[in-house]
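These protein sequences, in sequence, are chains A and B. Mapping to numbering that gives the first Met the number 0: the first sequence position 30 is 29, numbers consecutive. Mapping to numbering that gives the first Met the number 0: the second sequence position 188 is 187, numbers consecutive.
These are computed hints drawn from the structure, not numbers from a lab. A portion of the hints provided could be inaccurate.
Any copy, or any two copies together, can satisfy a pair, since identical chains are not distinguished.
To be verified - Taking lysine to any residue pairs in the SDA-like style, the calculated list, with each CA pair at most 25 Å apart, reads:
(1) Lys-119 <-> Arg-193
(2) Lys-115 <-> Ala-302
(3) Lys-115 <-> Ala-55
(4) Lys-115 <-> Ala-306
(5) Lys-115 <-> Ser-305
(6) Lys-115 <-> Arg-304
(7) Lys-115 <-> Leu-125
(8) Lys-119 <-> Gly-271
(9) Lys-115 <-> Arg-290
(10) Lys-119 <-> Gly-174
(11) Lys-119 <-> Asn-17
(12) Lys-115 <-> Ser-94
(13) Lys-115 <-> Ala-33
(14) Lys-119 <-> Pro-97
(15) Lys-115 <-> Gly-307
(16) Lys-119 <-> Pro-54
There are 2 protein chains.
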Amino acid sequence: MAPHVTVYEVGPRDGLQNEPAVLSVEQKLELIAALCAAGLRNVEAGSFVSPRWIPALADSGELVSRLPRPPGVRFVALVPNVQGLSRLREALARSAAPPPVDAALFVSASETHNRKNVNKGIDETLAALVEVAAAARQGGVGLRGYVSMAWGCPYEGAVSPARVVEIARRLLELGCGQVSLGDTVGVGTPNQTRDLLERLLGPVRPEQLALHLHDTRGGALASVLVGLEAGITTFDSSIGGLGGCPYAPGASGNLATEDLVYLLRGMGYETGIDWDRLLAAGALAQELVGRRLPGKTLQAELATRSAGRTPPNPLRSV
Amino acid sequence: MAPHVTVYEVGPRDGLQNEPAVLSVEQKLELIAALCAAGLRNVEAGSFVSPRWIPALADSGELVSRLPRPPGVRFVALVPNVQGLSRLREALARSAAPPPVDAALFVSASETHNRKNVNKGIDETLAALVEVAAAARQGGVGLRGYVSMAWGCPYEGAVSPARVVEIARRLLELGCGQVSLGDTVGVGTPNQTRDLLERLLGPVRPEQLALHLHDTRGGALASVLVGLEAGITTFDSSIGGLGGCPYAPGASGNLATEDLVYLLRGMGYETGIDWDRLLAAGALAQELVGRRLPGKTLQAELATRSAGRTPPNPLRSV
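Start from the sequences, fold in the hints, and give me the full structure.
Given below as structure tokens:
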């Protein structure tokens, strides 16, 4: 049996957060439906940070209250504090048939970035999350953790891997089922990825970690390969590479889901994803935001198909 | 001492061959000068296929006769037959101070593609190259070999790795100092790369091989990582990702030199390349062809710089 890898789709939140086009709730629901139809079983759908911070996601309450409930699908939404958690729970309470929606707790490994992001230092943030985690536990809400800027930071440059390890372990202690390590600006190289994973794995099991890679410098899949070799089975990605890099306007951001899935299929991993429906979801994402998305496989496959050619993908090993 | 990796620049030939803009000889020489100034020591400069086949490179004779001779730089030009070799030698004879220019022999691992490319079958091509190789040897011209479509083909789909091995070994027997394995349409995944290298290495030494990867589906650097682990020390790439994919209009083609060099630097390899001058060469390439090039690192670094930010690259391990 082929080993299973979970593709954790973050386009509707991390992607749309950085797109100039602001989608309506209906459009977001259309995109989410296409993603679920393609077989994605984990979808980051929204964010309960202050609506003033990220206007593109200010409708997350309404969105969550209208989320579908496809079999086996879990959603997740960012929650910075107890107020955010309350808003998530209120939204779920308004749903007639709420799907599972976890709360994502996030901390940056860069002190400067964390302060710019949530107006608090790292330690203060971690201390405040104790209360959020307790409230989530009490309310039966699952938790996912994010460590951003874990490979490097636009403000501080190098980030201490020891600090990343410390924050990730704290988030696991708070009850996060999984902590996703984020290369938020896509500066990492695979040796750093290997180093980070070697520092964490052992006391931490591979399934407790995910890699959230940005492909800003083209190396995301090289780090995915290192992750696979280290036993990691969850990788975050964004349909079509939706979202850019907020620190380098015009550059690429999130690893594109199609690029990730192409590699995984070629290597013989089972993802549960329907390739044609995934490309249809990518084409829809592109149509909704009204710009050519950076995902390379999406562009190659759309161009090959529109030229009437058979895709040259031999997928020799599948 | 950091291990050395050779970045083999193919932008002026493989890149420009697929660009809609046709550059003048002066513009090509300007680009080549910028690449050499950045520290690139191997540059694919032109092609002596029939000028009718590739009008963008029809001026390769004039270009070669005017090539500079920077210390340590070797050029290479494609040569399909004895006529092409004669034209290369005539061009060199017209130069007052000719630099070393090797002849590149090329064969496709796909029978259909080889016929479309040179109007002959693979075996017939290999037989004809015996004469070219002998003439080159006699004239003191060095040889490089290329096996294209070595991972898959737009006409045939899967390509037999055993056939790739056979062709590569034949090219080495013909006297090629190095054979570059080409994923011409960027369909490969790293497991295939590992498989190909395992089949070849042993009787063949790592320095006799190069990887010529296209990043059409985002996985080129994952295959570079596999190559590095297998001991490969030469990788072909194209400045800024110059050139597209001739089989998928609008899609990406050659691995971008900046993406490759960013990964190599981050992993602690020594390339002899000046980072700022390399980015300047990328910016020049973009200006000359008049379109935004697909190289991700180039776009990220240009955007970061124009935003007045310090690049976040921590290059922790250098």
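Here's how the hints hold up against the structure:
For the homomeric pair Lys-119 and Arg-193, neither the shortest alpha-carbon distance inside one copy (30 Å) nor that between copies (46 Å) is at most 25 Å. Taking identical chains as interchangeable, the C-alpha atoms of Lys-115 and Ala-302 lie at most 25 Å apart only when they sit on different chains, with a minimum of 21 Å there against 41 Å within one chain. Taking CA atoms no more than 25 Å apart as the test, Lys-115 paired with Ala-55 passes inside one copy only; the shortest distance there is 19 Å, against 50 Å between copies. Taking identical chains as interchangeable, the C-alpha atoms of Lys-115 and Ala-306 lie at most 25 Å apart only when they sit on different chains, with a minimum of 18 Å there against 47 Å within one chain.
For the identical chains of this complex, Lys-115 and Ser-305 are inter-copy neighbours only, at 21 Å across copies versus 44 Å inside a copy, given an alpha-carbon limit of 25 Å. In the homo-oligomer, the alpha carbons of Lys-115 and Arg-304 lie at most 25 Å apart only across protomers (21 Å), although the nearest pairing inside one protomer, at 44 Å, exceeds that limit. Taking the shortest alpha-carbon separations for Lys-115 and Leu-125, only the intra-copy value of 15 Å comes in at or below 25 Å, while the best inter-copy value is 62 Å. Taking identical chains as interchangeable, the C-alpha atoms of Lys-119 and Gly-271 are never at most 25 Å apart, the minima being 40 Å within one chain and 43 Å between chains.
For the identical chains of this complex, Lys-115 and Arg-290 are neighbours neither inside a copy (29 Å) nor across copies (35 Å), given an alpha-carbon limit of 25 Å. In the homo-oligomer, the alpha carbons of Lys-119 and Gly-174 lie at most 25 Å apart inside one protomer (21 Å), although the nearest pairing across protomers, at 65 Å, exceeds that limit. In this homomeric assembly, Lys-119 and Asn-17 come within 25 Å of each other (Cα to Cα) only inside a single copy, at 22 Å, whereas the closest approach across copies is 51 Å. Taking the shortest Cα distances, Lys-115 and Ser-94 never come within 25 Å of each other, neither inside one copy (34 Å) nor across copies (60 Å).
In this assembly of identical chains, Lys-115 and Ala-33 lie within 25 Å of each other by CA distance neither inside one copy nor across copies; the values are 34 Å within and 39 Å between. In this assembly of identical chains, Lys-119 and Pro-97 lie within 25 Å of each other by CA distance neither inside one copy nor across copies; the values are 33 Å within and 63 Å between. Proximity of Lys-115 to Gly-307 under the C-alpha cut-off of 25 Å is restricted to the inter-copy arrangement: shortest distance 18 Å between copies versus 49 Å within a copy. With identical chains, the CA atoms of Lys-119 and Pro-54 are at most 25 Å apart within one copy only, with a shortest distance of 21 Å there and 60 Å across copies.
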